[in-house]
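Can you build the whole structure from these sequences, using the hints too?
So you can see what is in the structure, the chains are spelled out below.
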Amino acid sequence: MFEARLEESAVLKKILDSVRDLVQEANWDCNDDGIVMQSMDSSHISLVCFMVRASSFEVYQCERNVSLGVKIDSLAKVLKCAASDDSVTLKADENEPNTMDILFESKKNDRISDFQLKLMVIDQEMLGIPESDYTSTVEMSSAEFRRIMGDLSTMGDSVTIEINKGGASFSTKGDIGSGNICLQKSASVDKPKDGVKITMVEPVKSTFSLKFLNIFAKAAALSDTVVLSMSEEYPIRIEFAIDKDVGYVRYYLAPKIEGQES
Amino acid sequence: MFEARLEESAVLKKILDSVRDLVQEANWDCNDDGIVMQSMDSSHISLVCFMVRASSFEVYQCERNVSLGVKIDSLAKVLKCAASDDSVTLKADENEPNTMDILFESKKNDRISDFQLKLMVIDQEMLGIPESDYTSTVEMSSAEFRRIMGDLSTMGDSVTIEINKGGASFSTKGDIGSGNICLQKSASVDKPKDGVKITMVEPVKSTFSLKFLNIFAKAAALSDTVVLSMSEEYPIRIEFAIDKDVGYVRYYLAPKIEGQES
Amino acid sequence: MFEARLEESAVLKKILDSVRDLVQEANWDCNDDGIVMQSMDSSHISLVCFMVRASSFEVYQCERNVSLGVKIDSLAKVLKCAASDDSVTLKADENEPNTMDILFESKKNDRISDFQLKLMVIDQEMLGIPESDYTSTVEMSSAEFRRIMGDLSTMGDSVTIEINKGGASFSTKGDIGSGNICLQKSASVDKPKDGVKITMVEPVKSTFSLKFLNIFAKAAALSDTVVLSMSEEYPIRIEFAIDKDVGYVRYYLAPKIEGQES
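Chains as they are written, first to last, in the numbering used here: chain A, 18 to 279; chain B, 18 to 279; chain C, 18 to 279.
These are calculated hints, taken from the structure and not from any lab test.
All copies of an identical chain are treated as equivalent in the list; a pair is satisfied when it fits inside any one copy or across any two copies.
Below, a list of computed lysine-lysine pairs in the DSSO-like style, where the Cα atoms sit at most 30 Å apart: (1) Lys202 / Lys228; (2) Lys222 / Lys124; (3) Lys235 / Lys124; (4) Lys228 / Lys30; (5) Lys222 / Lys125.
So, in structure tokens, the structure goes:
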């Protein structure tokens, strides 16, 4: 029996919210390390993955590796039935994972809900994730990132992100004009939530679809900060770490080529 | 002259909100006891009624019984023009009730609004309400009731409600799976707002349309608690009492027969 | 170079919000006194104008009078990219005003945004504003004004506003009935925010389109109070003064003639 119990359902709700606009169904691969999902979005342009580490569960038992074929929207509907501070337990039969049992328990133990969710067989290979030694990264407030992506979308379809030693800039161009938002590197690098922290081997500048970045930015609910990792002509990686080493949600998106339409 | 004055318009606003999704027009029967409305919903499936007792009005004068044919939505529009702490006075000519005069007065008396609402002649018999000695009742938080009805609606069309000595359970089934929310009976029965109070002669279990229960649940705005009264193969009664013996809003809904579609 | 710097972008955001539902594009006339815009709404029924005085800018430099042809919606989109407490600087070339440069600076100076907005050539004559010695004015809470206009709209298409020595009244009539909201003149005239202040040579009573008054009422965000100025058979003037002599937004609307449809 696969069994995993989280103290609060809120984390799982937020993870589902951060992937459900991109992915309809995907395998959740459960093994000793924890639960991992990775999938192309349904238009096959971006890649999204998340990990929740085994150590972050109150109970985690996984005798055999198992892939659970989850319909994201259905699981999100079930999770909606939990109060944010309910505990949540996921259970499945490792040999024949046709259904997932989901149990919610209220803190005061006066409300117990159990759901059975049908699972699917999803024929999906684990993708080789395009990791690399990124030449530049910027860590910044996730709320600020979300705000900037939303603001620039009112003007253009794509954003050019530039990281250099002075800071990070985000610029766009559209029918009504053009704009550029420039964030200065913080003097003190201690509090990336309120500032901007740059790690750089060499400056980098690439252009991305604002439509996707706006979807990714919703994961700001998961984390106070976001880390953008870039290399020239390479997909950007956008990572939202989840509280206290619980895990992460990561998005990957290839840059637009000059002259190419979104 | 029929005249009834409420100290705060808020109560009447909430009563209208709790019936306007079900009833378009209905007679308000005014007599010595107070004002009563009862009506089938427009699809003739459920029954809704409310009572506001004469004693809960600041002024209540009703020389002759009179039926006021009210278009609910129109009266709700008029009530929208009152601040929640305005007093409201309803007046009508008992002999020829063609219009209702509605007067709002602000607490500081610096704003007086008077409206004339056209009344209708509604040919509607007073229905025999299917009261009985219910075999089981559960009193619980109205907010929790509303939340559960909403949550289960994401998964199914109907809910099976079961009351037994341990508590009350609400279960549904749909394309994506099935679910069951179980509320334990409270040890102390003093605070039904935070707990669940069961009164039971024998256990009961019936299935109802979630569409209607969701509409009824909006009346949670009227009262902190709700009382569900059930007997086997008998319509459920869902009652929201209004503050301090002011009155109540009650809904009645027949159970679904096995194999029947909603 | 024309240059004008406001300490907080919020004022400009609110001004744009108060005109964007009426005007799509208009000349902003900049001279020694400040910035003035006036324009008929796009249906050519009402007139809207605003003024921001030169003295209310931190920096204001205008060597030559210049008309900037602004697409209101586009400028509003750009302003959306500023935090409310960012400073905003507008710049344009007085000789060839093809674009407006807009600069936002955060209080902590860690975020600098610059936008270029394309300007238009708008062939628009400065209109003679129908000012007069109004025979009656009422100053009242702008939130109350907004609420009353909204409330009466649920019932009718037009409102009859009457000012007399006792106060101001607002009445409407529709299919479902009729209504009248009467505000008493305040005993103390010190706090028009909480009361109603009347200045009157002779009583006046005229009828106006609620559709337009509801649009004007959104400018309540700019000011705690609103002043309605009326003369018999003359357009009403509705003025929202902006904080501390910054300027104003004014609307003008002709009364409906008896028997005329809106």
